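Q: Sequence:
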Amino acid sequence: MTDVLLGFLTEYWLSLLSVICLLVISAFFSGSETALTAASRSRMHTLENNGEERAGMVTRLIERRDRLIGTLLIGNNLVNILASSLTTSLLIGLFGDSGVAIATVAMTVLLVIFSEVLPKSWAIASPDRFALAVAPWVRPFVAVVGPISSLVNAIVRRILHLFGINLSSDLPMLTAHEELRGAVNLLHREGSVIKADRDRLGGVLDLGELEVSDVMIHRTGMRAINADDPPQTCVREILESPFTRLPLWRGSADNIIGVVHSKDLLRALAEPNVEPETLDIVKIAQKPWFVPDSTNLKDQLNAFLRRKLHLAIVVDEYGQVQGLVTLEDILEEIVGDIADEHDINIQGVRQEADGSIVVDGSVPIRDLNRALDWSLPDEEATTVAGLVIHESKSIPEERQAFTFYGKRFTVMKRVKNRITKLRIRAAEDEGQVG
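Residue numbers (our numbering): 16 to 449.
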């Protein structure tokens, strides 16, 4: 009798110990799956370059996520089923048929708490560190069970193919740039990235989406020199200008014949027997470079760097001059406004005491969004005045007001067909135009 009791107790404790071990293994599989799927590939790549061998293991494991997840799920389900079976057998011996119900409830609670929620919460709290810790243990298991996982994945793909679902042809919903932009915005909301850094990173990502026409200085705001003016007049205008390079035109503002660099002018004036009255401005001017207004900023930036030039004349599809773009204009899209000691300080945005914003119509929407952290759309219009005209489908009169995108726009000043000044304040009814 004693031997029988001793044997039963031994079997009972062995079974209980086995169930506990299986729950621990199940927790390991659950936590590993969460950590490895949530681990940052970019951070692992950096750690691998810094000599961290385990980061290389993680990188190679997550290169084939379907194989990794399938392998971990096989291991997880295997130990869960085995633990449930052992518990059921043990409790049936103690409580009879009611042991099945008791085992079901007990294992559900144990598996949910200790094998699912606890390890996954731990893993998601620090996925990179957790992934580095489990990678040396997961790798040999994937090497052994991986072929079975591949077979399972092949069966799954074949079954889904019967229903017209082809996993291999599925394309990612987001491009790499969109993923980067989303990550930067998320980190900014969480406080990890400050607004200035978010704007700079966003500016880099936007270069391929913006065109030269979005950042150029419009022809109405261009400073240019008339080659037919007296030489001393041209010299005075160039030296008094805050700009280093100025377009040179003759006969018509559309007929740009060169670009004058102030350094070239000073070198010419330093020559012996050269006076401002006898200087030939055309001879010292550089050949103008014309670019289409539809050129995207990424290509234009590369062209500036390749040609080692800083200014280009922007033309439309008919060859008409639309404005000019400089290397500084493109760089400002990345780093924000670049001011130097010779810049003219023109206040295009002014905060009023009542909380409203007075804006020049020529202020770019992107600059306003960046300065005030707004999100006004800039797909259909480049300037604030252009946005009002586009949304109102008309050229508004002075004191006319419109409400859209959560803002109330009031036209304060109009010169001919140009809106030159607006007042913007928060609106109570968003999206309504009136």
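Don't read these hints as lab results, they were simulated from the structure. Here the structure is a predicted model, which is why all the values come from computation and not from measurement. Please note that the accuracy of each hint is not assured.
Here are the computed distance ranges between Cβ atoms for each label pair [stated by the list, open to error]: (1) Arg251 with Arg56: 15 to 23 Å; (2) Lys408 with Gly236: 23 to 31 Å; (3) Ala191 with Asp212: 13 to 21 Å; (4) Ser33 with Ala211: 30 to 38 Å; (5) Glu26 with Ala198: 23 to 31 Å.
Restricting the straight-line Cα-Cα distance to at most 20 Å, the calculated cross-link-like pairs of lysine to aspartate or glutamate (EDC-like) are [unchecked claim]: (6) Lys428 with Asp388; (7) Lys408 with Glu394; (8) Lys431 with Asp375; (9) Lys422 with Asp388; (10) Lys313 with Asp221; (11) Lys313 with Asp393; (12) Lys278 with Asp331; (13) Lys313 with Glu343; (14) Lys135 with Asp112; (15) Lys408 with Asp388; (16) Lys422 with Glu394; (17) Lys422 with Glu343; (18) Lys302 with Asp279; (19) Lys278 with Glu255; (20) Lys135 with Glu67; (21) Lys313 with Glu394; (22) Lys313 with Glu347; (23) Lys313 with Asp295; (24) Lys313 with Asp331; (25) Lys422 with Glu406; (26) Lys298 with Asp375; (27) Lys323 with Asp279; (28) Lys210 with Glu194; (29) Lys313 with Glu290; (30) Lys298 with Asp279; (31) Lys422 with Glu367; (32) Lys428 with Glu347.
For each residue, glycine too, the CB sits at the ideal point set by N, CA and C.
Q: Look at each hint and say if it fits the structure.
A: Results for each hint:
1. Against the hinted window of 15 to 23 Å, the Cβ-Cβ separation of Arg251 and Arg56 comes to about 60 Å, which falls outside the hint.
2. Our hint of 23 to 31 Å for Lys408 and Gly236 holds, since their Cβ atoms are close to 26 Å apart.
3. Taking 13 to 21 Å as the suggested C-beta distance range, the pair Ala191 and Asp212 conforms, at roughly 19 Å.
4. For the hinted restraint 30 to 38 Å between Ser33 and Ala211, the CB-CB distance of approximately 58 Å leaves it violated.
5. Between Glu26 and Ala198 the beta carbons are some 54 Å apart, a value that contradicts the proposed interval 23 to 31 Å.
6. Taking the CA atoms of Lys428 and Asp388, the gap is near 25 Å; set against the 20 Å cutoff, the hint is violated.
7. The straight-line distance between the Cα atoms of Lys408 and Glu394 is roughly 16 Å, inside the 20 Å bound, and the hint therefore holds.
8. Restraint check for Lys431 and Asp375: satisfied, since their Cα atoms lie roughly 15 Å apart, inside the 20 Å limit.
9. The hinted pair formed by Lys422 and Asp388 meets the criterion: a straight-line CA distance of about 13 Å does not exceed 20 Å.
10. Proximity of Lys313 to Asp221 is assessed by CA-CA distance (about 9 Å); at most 20 Å being required, the pair is judged to hold.
11. Distance check on the hinted pair: Lys313 and Asp393 sit about 18 Å apart at the alpha-carbon level, within 20 Å; holds.
12. Between the alpha carbons of Lys278 and Asp331 the distance comes to roughly 30 Å, so the proposed pair goes past 20 Å and is violated.
13. Proposed proximity of Lys313 and Glu343 is supported: the alpha carbons are some 13 Å apart, at most 20 Å.
14. The hinted pair formed by Lys135 and Asp112 fails the criterion: a straight-line CA distance of about 34 Å is larger than 20 Å.
15. Our distance criterion of 20 Å between C-alpha atoms is broken by Lys408 and Asp388, whose separation comes to about 26 Å.
16. Proposed proximity of Lys422 and Glu394 is supported: the alpha carbons are some 18 Å apart, at most 20 Å.
17. Distance check on the hinted pair: Lys422 and Glu343 sit about 31 Å apart at the alpha-carbon level, beyond 20 Å; violated.
18. At most 20 Å may separate the alpha-carbon atoms for a hinted pair to count; Lys302 and Asp279 meet this at roughly 13 Å.
19. With a C-alpha separation of about 13 Å, the suggested pair Lys278 and Glu255 falls inside the 20 Å cut-off, and the hint holds.
20. For the hint linking Lys135 to Glu67, the alpha-carbon distance of about 24 Å lies beyond 20 Å, and the restraint is violated.
21. A distance of roughly 17 Å separates the Cα atoms of Lys313 and Glu394; the hinted pair therefore holds under the 20 Å criterion.
22. As the CA atoms of Lys313 and Glu347 are separated by approximately 13 Å, the hinted pair is consistent with the 20 Å bound.
23. With a CA separation close to 36 Å, the supplied pair Lys313 and Asp295 exceeds the 20 Å bound.
24. Our distance criterion of 20 Å between C-alpha atoms is met by Lys313 and Asp331, whose separation comes to about 19 Å.
25. With a C-alpha separation of about 12 Å, the suggested pair Lys422 and Glu406 falls inside the 20 Å cut-off, and the hint holds.
26. For the hint linking Lys298 to Asp375, the alpha-carbon distance of about 38 Å lies beyond 20 Å, and the restraint is violated.
27. Proposed proximity of Lys323 and Asp279 is supported: the alpha carbons are some 16 Å apart, at most 20 Å.
28. Among the hinted pairs, Lys210 with Glu194 is consistent with the structure: their alpha-carbon atoms are about 18 Å apart, no more than 20 Å.
29. With a CA separation close to 42 Å, the supplied pair Lys313 and Glu290 exceeds the 20 Å bound.
30. With a CA separation close to 10 Å, the supplied pair Lys298 and Asp279 stays within the 20 Å bound.
31. With a C-alpha separation of about 15 Å, the suggested pairing of Lys422 with Glu367 holds against the 20 Å cut-off.
32. The straight-line distance between the Cα atoms of Lys428 and Glu347 is roughly 28 Å, outside the 20 Å bound, and the hint therefore fails.
The earlier numbered hints that this structure contradicts are 1, 4, 5, 6, 12, 14, 15, 17, 20, 23, 26, 29, 32.
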